[in-house]
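Enquirer: Position chain B against the provided structure of chain A, taking the given hints into account.
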Amino acid sequence: MKLVLVWLGWMAAAAYPAGAVITPSACAPCHRAETEGFAGAAMTHALSSARDSVILRGNPKLVVRLGEYSYEIARAGGESILTVTDGKETLRVPIAWAFGQGAVGQTFVFKLEDRWYESRVSYFSGLAGLDLTLGMENITPHNLLEAAGRLAGPAEMGLCFDCHATNVVKSPAPDLAAMTEGVQCGRCHQGSEAHLQAVRARGTSAPMRKLGELSAGEMSDFCGQCHRTWSQVAVRGPRGIENVRFQPYRLANSKCYDPADRRIRCTACHDPHRDLETSPAAYDAKCAACHSLAARRNGASTRLCRVGVRDCVKCHMPKLDLLGAHRKFTDHWIRIAKPNHPYPD
Amino acid sequence: METVLQKMLLVLALIACASGARAQSDATEEILKRAIALHQAGNIDGAIQAYQKYLAERPDSVLALSNLGAAYARMARYQDAIMQYRRALKLQPLNPSVEFNLALAFYKSGQTETAAGMLEKVHREAPEELQPVLLLADCRLGMGENKKVIELLTPFAERRPDDLAIAYLLGTALVRDDQPGRGQVIIDQILRHGDSAETWLLLGTAKLNAGDFPAALADLTKAVELNSNLPDVYSYYGQALLRTGDPAGATNAYRKALAANPYDFTANLQLAVLLREDEKIPEALACLRRAQQVRPNDLGVRYQLAALAFDDGKLDFARRDLELIVKEAPGYTEAHVTLATVYYRLKRKEDGDRERAMVQKLNAAAQVKQQQGVNVK
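Listed in order, the protein sequences are those of chains A and B.
All residue numbers for the first sequence refer to my numbering, where the first residue is 1 and numbers rise by one.
All residue numbers for the second sequence refer to my numbering, where the first residue is 1 and numbers rise by one.
With the rest of the complex left out, here is chain A (with noise of 0.2 Å):
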């Protein structure tokens, strides 16, 4: 045994040495099950640069026309580059970063003058094209430069970053030196880099904050850090329609939402080492830990359905329409939703 974790801290060494990203091939040898299904996971994916972007790379040319400036996005050599027109003057910017891993779609960002920008266009997978980058509705660009894209702050870039990479040092501005792309194990589990340093020096393991341990409260917190908290919506909004995407806000708004109880909480429903399960019925052993007769006979005070026990989520979450996204988003607010309510915020 003493041999076999000699051997681990050897390869450990090895492979990684100190201030890497830890990643998952680096924590596989020990936690398999976490690992091997996460390099499918979307959020492994949720930054790419613009070289590797799956989108860029597989659409040479986008083109689209926005009021009066004409967008088109093309791949020369290994760049994307974005141009845009009215017509009179033209702007080309190569683009740096993507946003996102292609699900609803991507958002780019380009750098000028040693400020961030994010561009003016997405791209939508539901439309498979490019349109009105989310949360640009209300800006009427006064120039081309306006028109390429939104100036972004350092604060705002370093967060943006620092949701959608790994070891982003992220205030004052976003340093990326010593980032990895996409969300990686050391993201969430931070003091991972210790703990594999000591399992490759000892043999033993440095203690990591247990997410397992989390509540459904904090970890919606958690999780929230990136999704937007209930308390953040609660506070800075949005409001309306535009916070169907921030799904602990919705899930904390539910009638059976209890902070302290697991059954709730992200993880009993999600898990993040994998792709997002998309098939109702995957989802309704989870609603059954609750509301069953099993459930009941074991001391819960709960509500069975009257209708069936099969995709519970269809009728109780509700897939809407997000103007602009060209996407549904599931309501994350569970609850008995019926057609032509209005939509509860």
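Be aware that a few hints might be false.
Quick list of the computed label-pair ranges, beta carbon to beta carbon [claimed, not checked]: (1) 208(A) x 79(B): 44 to 50 Å; (2) 221(B) x 209(A): 40 to 46 Å; (3) 42(A) x 311(B): 29 to 35 Å; (4) 160(B) x 324(A): 54 to 60 Å; (5) 328(A) x 354(B): 29 to 35 Å.
No more than 27 Å apart at the CA atoms, straight line, and that leaves these computed lysine-lysine pairs for DSS-like [as the list claims (entries may be wrong)]: (6) 361(B) x 327(B); (7) 256(B) x 170(A); (8) 347(B) x 255(A); (9) 170(A) x 280(B); (10) 210(A) x 222(B); (11) 369(B) x 210(A); (12) 349(B) x 286(A); (13) 361(B) x 338(A); (14) 108(B) x 147(B); (15) 319(A) x 255(A); (16) 347(B) x 210(A); (17) 255(A) x 349(B); (18) 286(A) x 347(B); (19) 210(A) x 349(B); (20) 121(B) x 255(A); (21) 319(A) x 361(B); (22) 147(B) x 369(B); (23) 327(B) x 255(A); (24) 286(A) x 338(A); (25) 108(B) x 90(B); (26) 347(B) x 327(B); (27) 255(A) x 314(A).
The set of hints was computed from the structure by calculation and includes no laboratory data.
Idealized CB from N, CA, C, for every residue including glycine.
Expert: For chain B alone, coordinates are given in the frame of chain A:
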């Protein structure tokens, strides 16, 4: 013969005693003169030592006590200054210049409310004296009591239309009190005196209040360029930077504001919020404590202190304060939000649900209000 000699000796001794006492008295007064000379020459340490030496001989000297207070104030030793001024006032209760200096020491040490109370008294005793009025107005501005500033300064502004200090303070109060019309008249009055940092600060403040943040930033940048020592200039510059998405720049600006005035209320509060976001808890706490000295009952400061306690895991402390805050300000959404979260962490689901329902009610009401506002426009 012996008796005569004895008598003569006694007389001589008395004469010697009297002249010795006069010499000693002269020497003591010399100490005071030297202390004043040192004070005037800027040797404050030397002056303090000399005043102390003099006061050891003449503990009831109002002049020396008052001057020692002023020397301490010059060294920013405000608590020592306050002690000396109080001793002087005990000996001579009606001394407006000592009262003013005491108020100034309170003001400089961040005890704005006490300073304002003291200045009200000085103003009542000498209603035409301008200096106490200006300082009182500045205190009231710092405490956010804009209407009181307007009430205080309006008659002075009418009598002294060319006084820029009055115009500046009154204009600021009007702008902050959302009276841009009257504020604009004052701004125009200041503008007639040419391009000044004061003018750009006023214009920038007005634009900040109106929500035109990029324009406010442009004006406040000019104010900083023209006079970076202008009171409050970095504080408002920081706000403009924050509102235009540059929290790092805002943090720097607030630090500069606090270097100039450690008791700048807005800079302390806003910097504390930024530091809290960066998890620099002890520094954030220090800022909030200073802000609380200026405005002891300010709900924003009390809320931030409670939120810091929550961040620090002191749930019961946070709960107690947040309960008091929402009782005083039932419409304070952010406090209800944090209180709900605190209740949930304390496993008091029913209380948490009640607060959450309150948040939904407040947000719904705010949305209706906003929609009505949009329709009216």
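Enquirer: Decide, hint by hint, whether the structure agrees.
Expert: Here's how the hints hold up against the structure:
1. Between residue 208(A) and residue 79(B) the C-beta distance comes to about 48 Å, which sits within the given range of 44 to 50 Å.
2. Between residue 221(B) and residue 209(A) the beta carbons are some 44 Å apart, a value that agrees with the proposed interval 40 to 46 Å.
3. For residue 42(A) and residue 311(B), the hinted distance range of 29 to 35 Å is satisfied, since their beta carbons lie about 30 Å from each other.
4. Roughly 58 Å separates the CB atoms of residue 160(B) and residue 324(A), a value that falls within the hinted 54 to 60 Å.
5. The hinted window of 29 to 35 Å between residue 328(A) and residue 354(B) holds, with their beta carbons roughly 33 Å apart.
6. Of the pairs offered as hints, the one joining residue 361(B) and residue 327(B) holds, with about 16 Å between alpha carbons and a cut-off of 27 Å not exceeded.
7. Between residue 256(B) and residue 170(A) the CA atoms are separated by roughly 23 Å; this keeps the pair inside 27 Å, and the hint holds.
8. The suggested pairing of residue 347(B) with residue 255(A) holds, with an alpha-carbon distance near 16 Å, which does not exceed 27 Å.
9. For the suggested pair residue 170(A) and residue 280(B), the alpha carbons sit about 15 Å apart, so the restraint of at most 27 Å is met.
10. Among the hinted pairs, residue 210(A) with residue 222(B) is inconsistent with the structure: their alpha-carbon atoms are about 52 Å apart, more than 27 Å.
11. Simply put, residue 369(B) and residue 210(A) have alpha-carbon atoms about 44 Å apart, too far for the 27 Å limit, and the pair is violated.
12. Among the hinted pairs, residue 349(B) with residue 286(A) is consistent with the structure: their alpha-carbon atoms are about 22 Å apart, no more than 27 Å.
13. Under the criterion of a C-alpha separation no larger than 27 Å, the hint pairing residue 361(B) with residue 338(A) is consistent with the structure, at around 21 Å.
14. Of the pairs offered as hints, the one joining residue 108(B) and residue 147(B) holds, with about 23 Å between alpha carbons and a cut-off of 27 Å not exceeded.
15. Of the pairs offered as hints, the one joining residue 319(A) and residue 255(A) holds, with about 18 Å between alpha carbons and a cut-off of 27 Å not exceeded.
16. Among the hinted pairs, residue 347(B) with residue 210(A) is consistent with the structure: their alpha-carbon atoms are about 20 Å apart, no more than 27 Å.
17. Of the pairs offered as hints, the one joining residue 255(A) and residue 349(B) holds, with about 12 Å between alpha carbons and a cut-off of 27 Å not exceeded.
18. The suggested pairing of residue 286(A) with residue 347(B) holds, with an alpha-carbon distance near 23 Å, which does not exceed 27 Å.
19. A distance of roughly 24 Å separates the Cα atoms of residue 210(A) and residue 349(B); the hinted pair therefore holds under the 27 Å criterion.
20. Annotation: proposed proximity of residue 121(B) to residue 255(A) is violated, straight-line Cα distance about 58 Å (limit 27 Å).
21. For the hint pairing residue 319(A) with residue 361(B), the CA-to-CA distance comes to about 25 Å; that is within 27 Å, so the pair holds.
22. The straight-line distance between the Cα atoms of residue 147(B) and residue 369(B) is roughly 26 Å, inside the 27 Å bound, and the hint therefore holds.
23. About 26 Å separates the Cα atoms of residue 327(B) and residue 255(A), which keeps this hinted pair within 27 Å; it holds.
24. The suggested pairing of residue 286(A) with residue 338(A) holds, with an alpha-carbon distance near 22 Å, which does not exceed 27 Å.
25. Straight-line distance between C-alpha atoms of residue 108(B) and residue 90(B) comes to about 22 Å, which keeps the hinted pair within the 27 Å bound.
26. A threshold of 27 Å between alpha carbons decides the hint, and for residue 347(B) with residue 327(B) the separation of about 21 Å falls inside it, so the pair holds.
27. A C-alpha spacing of about 17 Å is found between residue 255(A) and residue 314(A), which places the hinted pair at or below 27 Å, so the restraint holds.
In summary, the structure is inconsistent with hints 10, 11 and 20 from the numbered list given earlier, while agreeing with the others.
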